[in-house]
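Per the numbering used here, the very first residue in the sequence shown carries number 1; after that it's consecutive.
In case anyone wonders, no lab produced these hints; they're calculated from the structure. Some hints could be false.
[As the list claims (entries may be wrong)] The calculated lysine-lysine pairs, modelled on DSSO-like cross-linking and capped at a C-alpha distance of 27 Å, are:
hint : residue 1 : residue 2
1    : 214       : 137
2    : 214       : 190
3    : 137       : 190
[To be verified] So the derived label-pair ranges between C-beta atoms look like this:
hint : residue 1 : residue 2 : range
4    : 282       : 76        : 43 to 53 Å
5    : 246       : 75        : 43 to 53 Å
6    : 81        : 307       : 43 to 53 Å
Cβ atoms here follow ideal geometry from the backbone N, Cα and C, with glycine treated the same way.
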Amino acid sequence: MILGIFNNKGGVGKTTYLYHIAYSLARRGIRVLLVDADPQCNLTAYCLPDNAVERAWRPDRGNSIFLAIEPLHESMGDIRNRGPLQPNPDHYPTLWLVPGDPALSRFEDTLGDTWNRARGGNPADLRKQSGIYRYVKWAEAQVDAQVTFIDMGPNLGPLNRTTLTSCDDFIVPISPDLFSIRGTQNLGEKLVGWRQEWDIIRTAGQLEDIDLPKGSPRFLGYVRQQYNTRNNEEGMTRGWQIFGGRVEEAVQENIVNKLRPLRQVITWDDGSYDLGAIPNLHSLVPYSQEARKPIYDCTAQDGLMGAHVQRARNTEELFFQMTETIIGLVEEAA
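Using the sequences and the accompanying hints, generate a full structural model.
Set out below in structure tokens:
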């Protein structure tokens, strides 16, 4: 399964969430592939030291996501099959990464220009629109991945349209604030429009021998992030409570109700799409980023002191519910 982590609003802890869920799954023996499709490359920087990133960007032997699709961008061929790498093979032998690349932003204009032409069934444009999907499927097969996570940038542009179209499912990390709630309206409307247009493209491309994605990613739910905690019933400060109680209603109205007629939402027994909550982890995140390991793996050797060591270890519990949910979906899809 290809699982997108996406929000059109930035600053919601999207990459930090994806990173920790992926490593938590790998700790349980699940074979995980990470794909950094955000030109900002935050996921790549979290996983790899600078010298490894530079190697991933080498034109001759690099394996960044842009180098994989560069021939399509240049109209000089099809995807390059360059395999993923393992960020930490000694401790996480079941986790792989397709590194990001700032040059991927150059592909944005190509995808924008070819979208309408692909609706007419032009084979070259169909290959460009499906290039990321076809490469990800190839990379999945190389490592026998059970779940693939794709990290995307915070916008609703052509690159994310094509990337999200490639996903089977997606999760939306969201902060309990006014701007995130308003953003759910834009997201729902765009998803409906993208689905309608991709249906036209798939129909136009039926006679071509090109592997096209279904273009109907299923909404699994949202994760509440980046709020400040308090020892009260709601578990958050009064300021965050103002909007925290509105998130579920906004998601139901702006995303679930729009996608359900298209059969693009999962049905949970309790009817809620709240997959859990990750509070603001404050200074623990920079330690994790510097060590290039999950917070729950960080120790005094990584600079943590006193109570921070135990607090870091306890953070794995925050991701447990969501990890188990994804394992259930992986087993269901097997």
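Structure-based check of all given hints:
1. In summary, the hint linking residue 214 to residue 137 is supported, as the alpha carbons are separated by about 13 Å, within the 27 Å threshold.
2. Of the supplied pair hints, the one linking residue 214 and residue 190 holds, its CA atoms being roughly 17 Å apart against a limit of 27 Å.
3. Of the pairs offered as hints, the one joining residue 137 and residue 190 holds, with about 25 Å between alpha carbons and a cut-off of 27 Å not exceeded.
4. The hint said 43 to 53 Å for the Cβ distance between residue 282 and residue 76, and at roughly 47 Å that hint holds.
5. For residue 246 paired with residue 75, a C-beta distance near 47 Å keeps the hint of 43 to 53 Å intact.
6. At roughly 48 Å, the beta carbons of residue 81 and residue 307 sit within the given window of 43 to 53 Å.
The structure meets every hint from the earlier list without exception.
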